[in-house]
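K.L.:
Given only the sequences and the hints, what does the whole structure look like? Please build it.
Number of protein chains: 2
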Amino acid sequence: PHDSSITGIKKPFTEVIKANIGDAHAMGQRPITFLRQVVALCTYPNLLDSPSFPEDAKERARRILQGCGGNSLGSYTASQGINCIREDVASYIERRDGGVPADPDNIYLTTGASDGISAILKILVSGGGKSRTGVMIPIPQYPLYSAAISELDAIQVNYYLDEENCWALNVNELRRALNEAKAYCNPKVLCIINPGNPTGQVQNRKCIEDVIHFAWEEKLFLLADEVYQDNVYSEGCQFHSFKKILYEMGPEYYNNVELASFHSTSKGYMGECGYRGGYMEVINLHPEIKGQLVKLLSVRLCPPVSGQAAMDIVVNPPVPGEESYAQFIKEKESVLNNLAKKAKLTEDMFNKIPGIHCNPLQGAMYAFPRIFIPSKAIEEAKAHKMAPDMFYCMKLLEETGICVVPGSGFGQREGTYHFRMTILPPVEKLKILLEKVKDFHIKFLEKYA
Amino acid sequence: PHDSSITGIKKPFTEVIKANIGDAHAMGQRPITFLRQVVALCTYPNLLDSPSFPEDAKERARRILQGCGGNSLGSYTASQGINCIREDVASYIERRDGGVPADPDNIYLTTGASDGISAILKILVSGGGKSRTGVMIPIPQYPLYSAAISELDAIQVNYYLDEENCWALNVNELRRALNEAKAYCNPKVLCIINPGNPTGQVQNRKCIEDVIHFAWEEKLFLLADEVYQDNVYSEGCQFHSFKKILYEMGPEYYNNVELASFHSTSKGYMGECGYRGGYMEVINLHPEIKGQLVKLLSVRLCPPVSGQAAMDIVVNPPVPGEESYAQFIKEKESVLNNLAKKAKLTEDMFNKIPGIHCNPLQGAMYAFPRIFIPSKAIEEAKAHKMAPDMFYCMKLLEETGICVVPGSGFGQREGTYHFRMTILPPVEKLKILLEKVKDFHIKFLEKYA
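Listed in order, the protein sequences are those of chains A and D.
Sequential numbering of the first sequence, starting at 1, is according to full-length UniProt numbering.
Sequential numbering of the second sequence, starting at 1, is according to full-length UniProt numbering.
Mixed in with the good hints, there may be bad ones.
One copy or two, either will do: identical chains are not told apart, so a pair holds if it fits within one copy or between any two.
[Stated by the list, open to error] Simulated crosslink set (BS3-like; lysine-lysine; CA at most 25 angstroms straight-line):
(1) LYS352 with LYS244
(2) LYS382 with LYS219
(3) LYS295 with LYS18
(4) LYS344 with LYS11
(5) LYS382 with LYS443
(6) LYS290 with LYS385
(7) LYS352 with LYS431
(8) LYS290 with LYS122
(9) LYS385 with LYS295
(10) LYS382 with LYS344
(11) LYS122 with LYS295
(12) LYS332 with LYS385
(13) LYS10 with LYS332
(14) LYS18 with LYS438
(15) LYS376 with LYS18
Treat the hints as calculated values from the structure; they're not laboratory data.
P.N.:
Written out as structure tokens, the structure reads:
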């Protein structure tokens, strides 16, 4: 039995299972060997003479070090990031987007994606004028957005994802939200998370076209959070980048719509959260805004250089014919296949529990099931001054040791309740976890019937 | 001859010498082997089985990895940083300060020192009230401060360092600045940089006592930027931490004065700028402010974990009896002795040039010589809409390839002109550089006589 560190009271479980954060390695996922080899070689270049490191990893490391002042990861880089890594990012984007051109000058390496998102929001919001800037964000949303908006004293403009339609983004809902917001603020930015966090939907091409057309029509700056671009599981679903679709819609769109898109080392199959690596690509950024961005980024000097190196390997992994390719692909597919399996398992298990409904986990790494909370439980939660789903999650933690995040942390339609759970625990553990949630939920329904 | 990338015009030099940024590795300084070994071991733990790594480095790496989720640098850490590293920082501070207690709970690992400085300024400034918050900063100052203050829409309150007295901080000047500022803002924060950047002075104990007494009297929050604590060169000079002196002044002071002090992996003898490692220690932080700080830091998730690991080695290097001690001490002393030699060389050379006066470089890694600019040159600068020292530095760059930063970027007394130059180039290169500055300056004086 687990001793609570605060109260010393014996708990009815032996282990806390942290299914609250998208932190793959903390849940036992192994790093991609090639990525770590390259970063280790860059860190300690004596290893370049070691026969135990493959030649392709050494080549990557030499190239990165050549981009560093004094050939050292310990030098500052340009605020925008190392040149050759930005070139690799641009090549990656071109390959990903079927040849749509990408300019390294439009790439900014960042300290994780959140740093880029915060920076660009800051610039767009400070652009000012009399009325406060509105930033449209999905509900439910990853709370980085609401936190950044509140920190910047901007106005959060909610648009609701359609839970009945697998969390789809509906342009009519965007229009409703925008029109209402115009009465009290100046909406300038539209944030999209695709694949969705916490909701796991993958947007189809038609939906993205509609959103881009809407942004063009309403002159909104698009922020496309695409950090889960490698995490797509459902059959028939495919990741389309906003950049690619923008270009395919023709010059009227790609010469006018302002877009920033974000990627990171933290998610995908590599799960390197701790390196704080990321990039953003900007399209049609006004030169004045660009100047402000460079100035803002230069205050914090440069993104961590080992994170820049890690980002390089995410966009420039081994290719067929290289020594490390076979192992790399095996590791990558093992992680992604596992995630796909766990996505399906989680959806299926949740939907077998009475009073829980879970949309398909098309992508990302979370389930966001809707939970029925009986009115007696809602009353008890209110008596404890807690949101009902917070009350539910606290009970779940106390009784099972499972840690998930209440839906109220992400936003949800009034009167609906959810929680977010990662699908990162190993399969066997995930099964146990889901069984425990089931038992808990059934007992919870009985208790508050 | 060097081709200017912009104009293609041949320049009268073969190489640009970047003496503008405190970026040691970029100027050829070698990393400390032990630090890189530990970070490489953490990055690629297979190396823990390699006989080519020393046992003490492996021990450090194992301990750090045990502090990481899933034993991986790729996991997020607590926003405040890895526990065992904060413990090592606290032990380091206790050793440094002769036993004055340090609490790991008061240590926050940061993304370089600048991240900590920006974060704490943000919290202190947003504390609000009606009138805008005043932040007292030295002039000249490292421009992170002015940039952060302007970004936060706070009021910059200048106090001038006494150039005639080796850039000493005089409490009468602090009082003058504070009293004048009270007329138009609410001064709440006093920033100190010791050893000074760009000015290189090292504050004596008496001066620090006076500053602490002043902060106590005026209820100012002290920010002590102590990132150059290992960079003290002049005989008779010694680094005293504000924390230590605060405690020695007795409970009336150490129970009341609010203090945050900052350190970093970027300077000292390790010069690991690229890792973006740092910490801050806070004393007497109000619980409400602490809560805000934790919330602010949690938005950006955690500092880069390899930077945290690098910080650990800065505070927990090899000790006598350990396998790596001899090499570590040799490398450390070589860097610091070299810097001391170059500090003296630079001071001596500058003071032999007519029209240049340079205070002793007691610490840090910069010279900030005062330069005489003839009135004809000042007129020509004005005609070009340039600050006179900017005009001087541009000419220096064009004619010699030497890149330094004009004093106007740091602030200086009206009518005085300076530039900041790092002493980081290797000795032989530094000599050539100083000879070139001398020739340039003499010609400049002749030309505009």
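K.L.:
For this structure, which hints from the list above don't hold up?
P.N.:
Numbers 1, 2, 4, 10, 12, 13 and 15, in rising order.
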